[in-house]
Amino acid sequence: VDLQAASDSALVVRAKRGSRDAAGELFARHWPAAWRAALGITGRRAMADDIAQDAFERAFGALSRFDEHRPFAPWLHRIVVNRALDLLRSERRLVGLDDAAEEALAAWDPDDSGDRELLRAVAGLSVERRAVVILRYGLGHPPSEIAQILGVPVGTVHSRLARALEELRGGVEGGCRGPV
Amino acid sequence: VDPFDRRVENALGDLPGPDEQASDRARRAALNALPTPTAKSRRRLPLLMAAALAVGLAGGGAVAAIGGALRDDAASPPSRTPPPVAEPVPGKIAAPLQGAGVLALVDGKLWLATRSGLTIEGLPANAAALSPNARFVVLGIGASLVVMAPDGRRAWSLATPGGIVGAAWAPNPILIAYVVTTRTGNELWLVEGDGDNPRRITDAVAPVTPSWRPDSQAIAFVDRQGRAMVYDRTTGSAHHSGPHRCDGRPLLPATKVAFAPSGGANAKLAFITKGPQVAMSGSGAKGGGCRAVLHVWSLTSAAWISSDEVVVTTRPALGIVAPNSRLLRFRATQAGVEEKGSSTIGPGAVMLDIAPAGDGRLALAVGGDPPAHPKDFGRRAMPPSAFEVRWVKMPPAGGPSLEIRSMGTVLRLEGRSARRAVQYSSAQVAWR
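From first to last, the protein sequence lines stand for chains E and C. According to my numbering, numbering within the first sequence proceeds without interruption in unit steps and concludes at 1536. According to my numbering, numbering within the second sequence proceeds without interruption in unit steps and concludes at 1138.
Hints are computed from structural coordinates only; laboratory data are not their basis. Heads up, the beta-carbon is just placed ideally off N, CA and C, and yes, glycines get one too. Hints are not guaranteed to be accurate.
Sample of chain E residues at the chain C side, in silico, Cβ under 7 Å [stated by the list, open to error]:
(1) Ser1365
(2) Ala1379
(3) Pro1388
(4) Phe1428
(5) Trp1431
Chain C with its partners taken away, still in its complex shape:
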């Protein structure tokens, strides 16, 4: 044997091994990925779940609740059934059992947790987005774009020409789109996932988080006039997507844009407006056709749950008369938009943002509803300064209304004084 070959063999044979924590985590994940058990082993499932639940309940307190969730994760084989209801965990956030990570950005502070071990609690940030597998997170902090690695260290940072308003990581995941506010207006920028080659796309945009088309070849944004625009990377040009309503009336200015999760170059685009409108279009990248418009009062957010279904959230529309915040499910068809189901929450709570998962659940950002008078606070179900992320069931398609029951609160923040009756001005929730 050549001495140099032996030297290489010796050097590489002495590589360090994995640490215990990573090994335990990987072992749990690997065992959970095993195919559905046969009939014999399935009989053991209720016992395993009961044991895991008992361990979680016996622990008590926030730490035990998190530990219980982890143990449950380890003991249960993959299942489409929802996890057992967990007690609220003050000031903590946990990665969803069947997801790679979750983040909540509430009034300029970030909470996030990923399965790869990255946890951030209360970091001041203006914008945040998880990478497609939730291994990395991009943050907008002041006039810097910062990417953090799974080990919590800063992978890279980039000075930007102004404060960052919103960021979105492309599904591919080579690119990151972000909007910065400069002295002269708002600009849409692109940068590669390793921090290389930042370039400005346009300087005539509104301060709205952009949305990637699922094929990563186009970005939706809102222009200075409030129009939903699509920038096509293959042509290097932007066009007005769905320029008019199908009934010929003008569209109201957009405040949020969201591409459907599938559909390639013809993926549908939805946006909500300053007025009671959700607009949807199947026109895709070419920008032709018209917009089907849905009228819903007091909109707070909208998100796609499939290639043609949207869920929207609302504030309570009429105070005491209609005190509940609503979650509505709609389907876009050739003929227009039809309601498929609804859920309510409240009184005393407002649904602020929503992030669907692929398994029929939704991550829902819920904030306290500020009372009209401080004396009303005692009658409220939720303090006005509280904020939660809940997993909830999808509203039933075509079924009766369903009152939302939390399926495990993963984040509850009550750091503010209830007397201030602060209404959360911004909230974002996302998961992968």
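Okay, chain E solo, but in the shape it has when bound:
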């Protein structure tokens, strides 16, 4: 069986039956995005490592209860986002805000390339708004799916997105008046 060509649903079915190869393919397919979501929300590589790993452990541990007819990615991303938000809310940050922003920037932009100005502004968003921005623009989820992932009404997603974009525009010097 060509696992690389199999659908997520088929891989979940095989993984439920004990196929570590199928589970490994699911991991390979979804690990990078899950990790980037964790990084985007927390801004720290080490924390992203822990959260994304923990999310996969929880997801695979609960795989027998997962309905394979449902899409795997939103379910996984829900676990990632909830873990990241829980961690940030309960433990708070173990470094100061300024340090966090600098670390986030360094983690996102180690080669001194990319849109530093915008990434700095994203790092300064509240975690709730940051999560919505990452899910929408980093992972490409539509608002209705983000609403399901976060367990909030679609209207809340739209309003958080609008306010986040407004804040980002304000945070980026001179706003954005044309193609970049």
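Chain C: place on chain E using the hints.
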């Protein structure tokens, strides 16, 4: 599409990816978390374990032993069966296969390893405690409280009014409790997990590591008179927990306190004393009732293994006549305390501290027993300056005595001269 939307999309679409090491580690952990295999795949299990064991044995040496353990971790699905016996790994410590981290603090030096990748070997420290998921560690170094992050960097540090004697991270994990020694005495302090808002709770305590109640709403400590006290965060007051023995006689001064791992506001509290006593109480936060007391000679440590069972460790009580160090398992009941099982180790080794895991295993700190005369050293099973952390089986409940067999030594330190015949004055082991 709004140009600014596209700009955000481009910026976030270019986020860097995870590094290879973290990806490999996560892949192993994720695959190990899969549900128990079906009958078809279970047949492959012995082959996988045999292959992993063969890889570990073929490597040889300390590095290969660690590598073998990691490979075994990757190959084996989750299992309640103990890991295969591993050769001692000199000067190294490894995170337990089914735990998040382990630490040993021996005579002022710290060794620790966590699954998130933090490793410390031989760092001078007076106190140490892992966070609930072993992602962070709090250290007492001189007159500073230091928290280290999973990447090994210092997350924050805090100047304290004196040297730190003991620290404990709350299960919730918002708070850290610590005891400092100042010019005028010992003080119990609290600080938030991010280093904010340090505040003194009381200045009349003994230099004993505090213990958190499982709901994180109360802290047990020993006061200046040696009484086991409980500070309740909800009321902001401390009270004497279990003020008297059930037979009316006075309690001896406490040297260690430990809350049971469950029970909420009514969690039981155990403490060991300077004399041959382990006291246990079900009185909980209100401090009423009396203490059931157990008499065991030469106590070194005590720890809860469930909401009503305690294990204690002892030194050899009578030298040549009774040369073994003992591990005893007790259950607290309404009628008192009853023995449920025991194990022995020795001669030539002393059990100094104990840390139960939730899977029926114990992490046991074992130090060499100093001989009465240097010539005796050759007959000793373990050099007096050696120190080990071993995984051992729980003593059988109600069964016969069991001689302890190491289930994989994860730490063995022999940096001291055996001629000095140094007896370890302090040892702490913990795991998450």
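Comparing the hints with the structure gives:
1. The interface hint given for Ser1365(E) is broken, as the beta carbon of that residue sits about 17 Å from the closest beta carbon of chain C, more than 7 Å.
2. Hint on Ala1379(E) holds. Least Cβ distance to chain C is approximately 6 Å, under the 7 Å limit.
3. Against a cut-off of 7 Å between C-beta atoms, the interface hint on Pro1388(E) holds, since the closest Cβ of chain C lies about 5 Å away.
4. Evaluation of the Phe1428(E) hint against chain C yields a violated restraint, the C-beta minimum of about 13 Å exceeding 7 Å.
5. Residue-level restraint check for Trp1431(E) is violated (minimum Cβ-Cβ distance to chain C is 14 Å; threshold 7 Å).
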